[in-house]
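Student: What follows is the residue order along each chain.
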Amino acid sequence: MSEAATMERPARPKRQPKPRARATAESLSRQQRDISVSEFFAKNRHLLGFDNPRKALLTTVKEAVDNALDACEEAGTLPNIVVAIEELHAPALRANGDAQASKRSAAAAPSRYRVTIADNGPGIVRKQVEHIFGRLLYGSKFHRLKMSRGQQGIGISAAGMYGLLTTGRPMVIHTRPDARKRAHHIELAMNTKTNRAEVTVDRETDDFPIARLRDLSPGTRELAGRDELLAPEVFSTGTSVSIELEGKYQRGRGSVDEFLELTAIANPHARITFVPPAKGASAPDEEEPLLNDTKEASAPESDTQTAESEPPASITTLELPGVTVFPCGIDELPPETKEIQPHPRGIELGMLLQMLKDARQARENTSLYAFLQEQFSRVSAASAAALCKAIGVTSRSRVADIDHAAAERLFHELQTFKLPPPPTNCLAPIGVRQLLAGLLKGVKAEFYAASSRDPAVYRGRPFQIEAAIAYGGDLPRDEPARVIRFANRVPLQYQQSACSSFKAVVDTKWRNYDLQQPKGSAPIGPLVIMIHVASVWVPFTSESKEAIADYDEIRKEMKLALQECGRKLGTYLRKRAKMKREGERRDVFERYIGEISRSCEALTGAAAKEVYEALQRQAKRRTAMADQVLDDEGKVVKEEFDESVLIVEPTSSAQPEAAAAESVPGRSRAGGTAESDRAPAAKGQPAAPAPNRMKKGSTEKPGGKAERPRDAQASSATPKRAGKPNPRTHGRSSDSKPRGDSEGLFEDSGR
Amino acid sequence: MAKKTTTKSAPTSPRPNAWAQRDAKTARSLRDLADGVVKSSLAGREPKFDVPTRAASNTKWNKSRGILQMGPASNTRELFSLGQARSFMQTLLHAQSIQKLLQQGKTSSLRGMYYESKHTIAGTKESTFDEQAESDKILEDLEVTLGSLREELHIFADVRGGLVGNITFIDAGDEINARRMGSGGYQIPSIVEPEIIQFAKCDAEFVLHVEKGTVWRRFNEDRFWEKHKCIVTHGGGQPPRGVRRLLRRFHDELGLPIICLLDCDPWGHYIYSVIKQGSISLAFESERLAIPEAKFLGIRAKDYVQCELPEDVQIALNERDIARAKQIREYPWFRDHRGWQREIKQMLDNGFKMEVESLIKKDISYVTETYVPERLAAKDWLE
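Protein chains in written order, with the numbering used here: chain A, 397 to 1147; chain B, 594 to 976.
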């Protein structure tokens, strides 16, 4: 780089005596060489999300968890993932021995951690291990069009590389691809010069799943005793990865804890066990400014929840000393996604030329007619023939005979040719019911709504947007709404303001839904907004996958989804405001009725009490009537919302009931009409009856503790897949324990 | 507002039976009002009653009779309406207070009524009446709703306006010789109905009504009423109902012409207008208050030149004055009156207004000795 810069600098004026030749083409050529991709990323590790120790720890966990979930889902296994972070004392600190000093330096400087992620996926064939973990840009997901979490083939190897760079320790991989055979134990270090792994240890082992992980904390020992942690039956195949790295463990926004909690929301079918570093060893949990994001609009979610003693907020999260379990919420994998061919609409000319070239090389005699049908999705025989005709070749013409000009004609033709949109079975949205269940679990609010858009297309790639909102309850009232973002079920925790989803939130006119919204910012109010993008190729703004690129099509769909949620919220808020007005009206009437009845008695001799009671009855009746009166648009406000809405009655005495419900799949694409908001419930959905009740009058009162729905929690203990026995039992007995010291995602621990 | 909280005792003996009849009628209509509320309450219907609308929109100019009258429109006052609930309650509270006055045979001031009906509503911090204006409005509503005069509700306004002149009358049984009123004159009471005031001996040939007490005092001091055989009254600015009613009775019962001496400004013009054809807010009272034959003697816009007044008397018209003058010019009873159109135009052209007192620039008694006698002799007035 610097050489090139030197060369381009203008030559010095000639008058300068003895211009020294600094470099010649010859000498430069000796320095010019390939840059290995690993070298590049080793220098630019911030591109991959390793910019600071805290984020490095998060990125490592994130990449490994993403891979684990992908692997399990592809194999058709319900993911059971264990994440363990162990703090390793640096030798110098340990020698010091002073716990106080150790603690101080631990807070000041990053510490060394060993991150281990184990899954019950299919395992990895021995000969692939080096490539998967030891090379950047190597993977199965880059070349296909299919929805998955990982897509670039960078993440886990980059994490290993970062570990190697900061600690010099190799990556340790245990994998058992065959349940009948022993597991492999491999240790490898990446050679950044060659972008190849160097295997230092390669042996077979019986230590899978790794026994050490069962003995990390009292909680893990308890779980293991109940056979609920790394049970050998569950982990008959699988992989575990251990990386040692310099990092910093700190809870709060942008933390590993938040990541796992959000992941659990978006992946209700996965069981995730998290073993944080042992207490006292970790840095104190103060909120320290993160590099990128803290100044952004997202609200610190906590303040409203004070030290009131919380009953267990949900039966889904299980807290034990030194371990947190996000149990499996649904014993059903998301529908398997199909890999698709590119859609002609999204293709670029260069790509088309390359495809033609590839096809020619693969088979000399391939006809264009066949090529179009095979290599693209949604091109039928009739369309292929029409396309051939349109560019002036016959159906018989061979790909080899298509010259550049014809290819260009074909390209232009493809842009306008009428074709069905890409198939959508490549997408697996979270689903409205799961979205609601996830939000309900994480956010204490009084109103929840979710919407799932129909799949749409950007650059020929299908994508689907889902949105959900939670309003009211204990959420902070005077702060901007919190936006939580997911892409292919992976939480995005950084670079919020660069993200298309956040822009969509800002673009949406929340004032139409009775919320405050300063110009150019997120709405203000007790609101959490959740947006999920599912796509075969999520366009991230950078390799670290922190923000979604701002494609018009994507932003538009996001806005439509948000508007759908917003309309429901608006209806609810208006209704609530109306009820409040009615309450005030009743107050006014009741205040005057006493005076009036006394005056009437004085004037006519009629018994004041009788008049009073008669008028009181009338006041009640009249203000009650208003519950059904017309809304601002002249329509009767429906007592019941459809099932994509959930209202939690904010009273502590309320019976535990509230329900998540499935909305109707495939509602009209327009989606903009009120009718589609109120689509009838899908028949046969396993949704529990949703008691969409509202608390009349006093809905302003926050602070009620709503019961979380139980229907999202599958009660079945029988696995549906793989014929394996399911050792997982839901720890209901321990549910009643108060939440431990581990901080909930949306709540302050009250310290 | 005078804080007159004591009820003035009205002697019952000199009252003829006619007043008792009025009381009985008032009590009946109060009872009917409340009965309606009770009946509909017990029947589960919404309690309500109609209050005739007291607004410009419901005021009709009766050209043939030359007075303002109230139209037929009325507003429904409902209990179960957020905007009306409070005034509904207040109306009934005042009805109760009035009934009490009737029973005790006493009268009360507007201020007294305000205190009578004002209290904190049990269990709240809200007061039934926050200020007197609220209460006054409700009382006027009751007048029109019940079709009763304020006097019939036993309510009087604070006393404003005075009288002196060639007349003797009986007021609440006491003989009043208005020729012997000293320098202060006779205070015209709020209630001047025949039940209270009966005329005895009258030597006056006309009534001169002046705008303010200060001017009236000049006329009294100069004993104008003696020389010119008249009665001199004033209304302290906009004359209250008692003064207007008394002027009307002088006019109707004694056949005395009413001649007004008011300032040359839009407010003076409006006072004349109210005396002549009634006011918008009291259109329902025009029948017994308005005097269509009343005359406007001055001050006239032309007087600045005609009386050779010095520049010092000019008070520049401000924007509000001009707007008001233009508004008055458009009143139906002025619009078709060429004399008035000229008068207002000339005032606007002058660009200034003049007060009666400004005539003092000529001489302290110029107004009593020269101005008014000359104009009267010349019949130089506007009608």
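Some hints here could point you the wrong way.
Interface residues of chain A toward chain B, partial, derived using beta-carbon atoms under 7 Å [claimed, not checked]:
# : residue
1 : Met975
2 : Tyr988
3 : Cys996
4 : Ala1002
Hints were generated in silico from the structure; no laboratory data involved.
Where is the CB? At the ideal position from N, CA and C, for every residue including glycine.
Student: All hints, please: hold or fail.
Tutor: Quick rundown of the hints versus the structure:
no., hint, verdict
1, Met975, "violated, 15 Å"
2, Tyr988, "holds, 4 Å"
3, Cys996, "holds, 5 Å"
4, Ala1002, "holds, 4 Å"
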